[in-house]
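Protein chains in written order, with my numbering: chain A, 645 to 777; chain B, 320 to 483.
Just to be clear, a hint being listed does not mean it is correct.
[Stated by the list, open to error] If you want a taste of the chain B side facing chain A, the calculated C-beta under 10 Å gives, among others: (1) Val323; (2) Ala328; (3) Val336; (4) Gly347; (5) Thr358; (6) Leu364; (7) Gly462; (8) Ile463; (9) Ile464; (10) Asp465; (11) Ala472.
It should be emphasised that the hints constitute simulated quantities derived from the structure, not laboratory data.
Every residue gets a Cβ at the ideal spot worked out from N, C-alpha and C, and that includes glycine.
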Amino acid sequence: MATAFGGAVTVLALAARPVGEAPGAVVAVAIRYEWLFWAAAGVLAMTGIGNLAAFGAGLSEPASPWGTTLMLKLGSVLGLVILSLPRTLAVARLSQSSGDLASAAVVRIRNLYGATTGAFALILALAIWLAHG
Amino acid sequence: MNLVTWSLATFHATTFVLAIVLFAYSRGGLGAALGGLNTFVGLGLFVALWATTYFTTARALRGLDLVRSARDREAYARRTVRWGARNGMAFLAVLGVVALSAAIANTRPDQIGLGILFPALLIAPIALVVSAAVGGAVGVIFGIIDLGLFALAGMSGQDSEPTT
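All chains should be modelled from the sequences, with the hints used to inform the complete structure.
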């Protein structure tokens, strides 16, 4: 979670600098993040299911407040994973660009990683609610 | 290793598992299903699915450039049935080997032949056909979703160079 969330914040911060880093450098960092993001997504899904398995038959009913929050969290994670694929593809496309990258590419990256950071913040809030709520 | 292959394979494995978990939990059946697993078996099954999905996705993408070529994206969509079916069979094979090993380890040696191996031989062909059908169907669904997400990423229509 720290890798996926922290990495998204880092790329967002790089892309949000007022004068702007060299677009090629921002894209290079974003590409490295995408490799890590998908590794983290797989590990998070794997350990998340493992944690649910530890509850076993003692898992709360879906209609309970805890169950509703869990479904909201699972739905948010699913939505984040689905909407992350276009982000990865867009970054891969930018990285394969034959010409110099324009500052518009940095704006696009800023928007993509801003949305990713927001989604992670929501999931983190739901996870904290599930653990302590 | 290629970023598009890595992201697509992980996307398929995680989305598939998350969708099943969300569906099962919303119907109230997840607790009972997970009760039969322990944490390590669950982790192992996910790793197995991740590995077979990576291998089959890599094979489905072999020789294709999905980022630059619309024609390659269409070719990929046509390959999803075949490689989805193979993924289903590969995952079943992993499950089968693990289940057989566990069963043999917990059975008296004189009962392994008739009690374990013979029924497994009878069931295996039917199970492989079913897993291929399910895998193929899931492959087609993911092929359609993938094309939609490619379009969302600005990769649709004719071949084009990325915009700068």
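Open item on the list: Need the list of violated hint numbers for this structure, in ascending order.
Closed with: Hints 7, 8 contradicted; others consistent.
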